[in-house]
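Participant: Using the sequences and the hints, build the whole thing.
There are 2 protein chains.
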Amino acid sequence: MHVDGTHFQTIWLKDDDTVQVIDQRKLPFYFEIKSLNNVSDVYYSISEMVVRGAPLIGVTASFGIYLAALENRHNARWFNAIEEAGNYLKSSRPTAINLSFAVNQQLEKIKCASNSEEAIHVAKEVALKLSEMEVENCKNIGKHGLPLIKEIAEKKNKEPVNILTHCNAGWLACIDYGTATSPIYMGHDKGINIHVWVDETRPRNQGARLTAWELSQHGVPHTVIPDNTGGLLMQRGMVDMVIIGSDRTAANGDVANKIGTYLKALAAWDNNVPFYVALPLSSIDMRIKNGVKDIPIEQRNKDEIKYVEGFLEKSIQQVRIVPENSQVINYGFDVTPAKYVTRLITDKGICKPDNKEIKNLFNYDKK
Amino acid sequence: MHVDGTHFQTIWLKDDDTVQVIDQRKLPFYFEIKSLNNVSDVYYSISEMVVRGAPLIGVTASFGIYLAALENRHNARWFNAIEEAGNYLKSSRPTAINLSFAVNQQLEKIKCASNSEEAIHVAKEVALKLSEMEVENCKNIGKHGLPLIKEIAEKKNKEPVNILTHCNAGWLACIDYGTATSPIYMGHDKGINIHVWVDETRPRNQGARLTAWELSQHGVPHTVIPDNTGGLLMQRGMVDMVIIGSDRTAANGDVANKIGTYLKALAAWDNNVPFYVALPLSSIDMRIKNGVKDIPIEQRNKDEIKYVEGFLEKSIQQVRIVPENSQVINYGFDVTPAKYVTRLITDKGICKPDNKEIKNLFNYDKK
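Line order of the protein sequences matches chains A and B.
Following the working numbering, the numbering of the first sequence begins with 23 at its first residue and continues without gaps.
Following the working numbering, the numbering of the second sequence begins with 23 at its first residue and continues without gaps.
Since the hints were derived computationally from the structure, they do not count as laboratory data.
Hints are not guaranteed to be accurate.
As the list claims (entries may be wrong) - For lysine to aspartate or glutamate, the following DMTMM-like pairs were computed, each having C-alpha atoms within a straight-line distance of at most 20 Å: (1) A:K336 / B:E346; (2) A:K324 / B:E331; (3) B:K336 / A:E331; (4) B:K336 / A:E335; (5) B:K48 / A:E346; (6) B:K336 / A:D325; (7) A:K336 / B:E331; (8) B:K324 / A:E331; (9) A:K336 / B:D325; (10) B:K336 / A:E346; (11) A:K48 / B:E346.
Unchecked claim - If you want the ones that stay clear, here's a sample from chain A, every Cβ over 10 Å from chain B, calculated: (12) W34; (13) E139; (14) K165; (15) D325.
Just so we're clear, the structure is a prediction, and the values are computed from it rather than from any experiment.
Glycine residues also receive a C-beta, built at the ideal position from the N, C-alpha and C atoms.
Facilitator: Structure below.
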């Protein structure tokens, strides 16, 4: 999407031997591009969250394997070295499912290469293809979601369509377009009058920092609100629809997403506001039958609760907001029961959040 | 309640000519006592939120009138001067209903004084009595709420009773005990094993800063959580009851309270967690028939959304968390429909949040 008028993706190849990414830790205060020249750089960029978001982590790791292949051009035991690099990269953020998927995908293809030059060629192709596929998935989510926005826009005449979103399910988490934001960008680019309510999304404030920055760079009107505010807005008819992303969705349609999503789903339900979840089919985990019961919820670093990071006197600083001797706890996600989800918007189409309709989409994929 | 082992109230008279208060802007980072020596000091302390919370604002203003009487001991036109001071104080936070109530109550009594010395005497009595009455109200809320906690404690054996609260409806907002916290302190002091989930309460973080500090000073086990977390905790059976305060409650039982309260009420309802509102009867506004429709919602300073205040390198600092060119909006309150409220806990007893039962409590008051 656009940054200061220029089209950007979150990751790209430069001069065939350098991977470049946007340093997301610095947003929205600085827009800095970081060059990753070797496997260690890639490891650091994932573990330190220079890049974040499941699809982007996967693509970054895939490019990491390409850099590993380049590094081992003159190594007789090139495959073992690349495999080692793969294990190293997998440990950079162990819970990210896309990470091990991307590494394994690379290793499987490289295994068939007859020499290190061919391995380099294959790794580059695989990384570029994965990146393109992620872009394509997001674009398709946008295409399938767009009619839902159009329908509301027609009813509202020229009034803005007010869409609430939580956390960052934007292009920064992906390669381009995003998941929840894809229909929004598409609608905006087609001239639909859209206004986005952006939940700030404590504790890490990905809404206030990343989603707001994305939307503002692309020129989409938006307003940042505390996570506490969405209920009041819905009560007052100030929200036409909710679109959020998902970290993992179960076979029964229960949706795991950033902590706080469930509260917005309840408010949407109480006020008859449609609640949509935008996600690639690859985020649906058919092995998990009951999301509320069986999706494990990660606990994260307590400092994210005790401190808030922001901009002060030309640098990024953290202030403590909790008494020194108070306990805190930091759950990363919650699970929204399927009954509060209006529809899933996937790259393969829209479906009800129930086992039968989800299975149909997967079958469609096989046709 | 206790601060570092010593009993404190939020306001008191020293040497008969100085009013002392806890500077709440500095909590939890510094515990500082501020002396108010004249009407200007009182005006400043209310407008700059050295003191906050409806009952405390009222009592502070009442003491302000006492200081005005002292200042005008030798003024021939003492009553006019005090009346002027009253109008000045009323303008310090125009929306606070307790403020004008307290000033008017003082002026009505002082009007009958035959000279400035008598006025001083009367003003002192009125201020002290108002303060005592607020303490008494809170104590009674505690007495009526305590059996609700006890009942759960008995079922849980020695396991802690987990109580979730939002914002600060604690003794810092009142003179002592607090409203929502009153049954909690009473239960804790009687040896019931209580643990409190403290919503941090963005944007001003009164939960993280004030409620957590209060509880930690008084030794009540507690954990600070982002406002996003309560839903997950309730889903997992980790919350036994919710107790919150109220800024204004309508005749139909709809409850206006700090923004975000409504979302917790929905989660409580969805998970069969009892949701209690603790408030003095004086916070019920019988003129308002329908709370959701008719309670006006104040918008506050946008900087509260853009910036977060906290502690950094030995001083209180504010960091910006939102992109410079993003819009923000800051609604102070939301309204929880009566159907999501289990019971009101008032100084006169417990009742269902409906017109008939509320009226009965008021009638009881007249007997």
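Participant: Look at each hint and say if it fits the structure.
Facilitator: Now for the hints, and whether the structure bears them out:
| no. | hint | verdict |
| --- | --- | --- |
| 1 | A:K336 / B:E346 | holds, 13 Å |
| 2 | A:K324 / B:E331 | holds, 18 Å |
| 3 | B:K336 / A:E331 | holds, 17 Å |
| 4 | B:K336 / A:E335 | holds, 16 Å |
| 5 | B:K48 / A:E346 | holds, 14 Å |
| 6 | B:K336 / A:D325 | holds, 18 Å |
| 7 | A:K336 / B:E331 | holds, 17 Å |
| 8 | B:K324 / A:E331 | holds, 18 Å |
| 9 | A:K336 / B:D325 | holds, 18 Å |
| 10 | B:K336 / A:E346 | holds, 13 Å |
| 11 | A:K48 / B:E346 | holds, 14 Å |
| 12 | W34 | holds, 23 Å |
| 13 | E139 | holds, 45 Å |
| 14 | K165 | holds, 28 Å |
| 15 | D325 | holds, 12 Å |
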